[in-house]
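A.B. asks: Heads up: the protein sequence lines correspond to chains A and B, in order.
Residue numbering for the first sequence follows this note's numbering, beginning at 1 and increasing consecutively.
Residue numbering for the second sequence follows this note's numbering, beginning at 1001 and increasing consecutively.
By construction, these hints were calculated from the structure, which means they are not laboratory data.
One thing to keep in mind: the hints can contain errors.
[Claimed, not checked] Computed footprint of chain A on chain B; a stretch qualifies when at least three of its residues, placed anywhere within it, have a C-beta under 8 Å from a C-beta of chain A:
| # | segment |
| --- | --- |
| 1 | 1022-1031 |
| 2 | 1059-1071 |
[To be verified] Keeping only pairs whose Cα atoms sit at most 20 Å apart, straight-line, the calculated DMTMM-like set for lysine to aspartate or glutamate is:
| # | chain 1 | residue 1 | chain 2 | residue 2 |
| --- | --- | --- | --- | --- |
| 3 | A | Lys70 | A | Glu15 |
| 4 | A | Lys9 | A | Glu72 |
| 5 | A | Lys9 | B | Asp1039 |
| 6 | B | Lys1057 | B | Asp1069 |
| 7 | A | Lys71 | A | Glu101 |
| 8 | A | Lys70 | A | Glu24 |
| 9 | B | Lys1057 | A | Glu24 |
| 10 | A | Lys71 | A | Asp30 |
| 11 | B | Lys1001 | A | Asp59 |
Cβ atoms here follow ideal geometry from the backbone N, Cα and C, with glycine treated the same way.
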Amino acid sequence: DGGITQSPKYLFRKEGQNVTLSCEQNLNHDAMYWYRQDPGQGLRLIYYSQIVNDFQKGDIAEGYSVSREKKESFPLTVTSAQKNPTAFYLCASSGIQRNTEAFFGQGTRLTVV
Amino acid sequence: KNQVEQSPQSLIILEGKNCTLQCNYTVSPFSNLRWYKQDTGRGPVSLTIMTFSENTKSNGRYTATLDADTKQSSLHITASQLSDSASYICVVSAQPGGSYIPTFGRGTSLIVHP
């Protein structure tokens, strides 16, 4: 089935450790995005990429890093520099044509203890 | 700066009742507006898309309206069901050629009680 897959669904890490969240899509979408969602808050853009080997910072990029070596994959690393990393992370992908729809993964809930 | 504001922040209604959610935006130049439904702990799923020339679009019990002049949209839910309990997110995209990144509202949390 075509879709966008995030893994793992739940992730626990100790404070000070880097952690990488996976996002893979087989929809042949050019654009991919990472969002963070905190309780009672809307989605905030972390990073996005519209083409392989290129990505742009979103509104809250500090403490995060990404790579886009393949069209299908857009992993997000939460570094130890991120002061409050516990959150729900959503990955999305879309075409770059007019009126294209963004499809979301099921999310990864990261808890840092 | 492109912004999307949604109201109310949260809403509680009884099963079977109707409700209307609001979305105001300042995204320019406008390309399209989507309403997404997000169940707790899941990714958002698109309900409707509206372009500049469309005023109303329905998807089952969901009806979205768009007033491009006042930059307002609404999502009307008819005969609510318990499964409608979710967060509803308004997303507005700018035209290609501008920064073609969707701008998300914070969502309206809807709770339907039996």
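A.B. asks: All hints, please: hold or fail.
C.D. replies: Structure-based check of all given hints:
no.: 1; hint: 1022-1031; verdict: violated (count 1)
no.: 2; hint: 1059-1071; verdict: violated (count 0)
no.: 3; hint: A:Lys70 / A:Glu15; verdict: violated, 30 Å
no.: 4; hint: A:Lys9 / A:Glu72; verdict: holds, 19 Å
no.: 5; hint: A:Lys9 / B:Asp1039; verdict: holds, 15 Å
no.: 6; hint: B:Lys1057 / B:Asp1069; verdict: holds, 17 Å
no.: 7; hint: A:Lys71 / A:Glu101; verdict: holds, 17 Å
no.: 8; hint: A:Lys70 / A:Glu24; verdict: holds, 10 Å
no.: 9; hint: B:Lys1057 / A:Glu24; verdict: violated, 32 Å
no.: 10; hint: A:Lys71 / A:Asp30; verdict: holds, 7 Å
no.: 11; hint: B:Lys1001 / A:Asp59; verdict: holds, 12 Å
Against the hints set out earlier in the document, violations occur for numbers 1, 2, 3 and 9.
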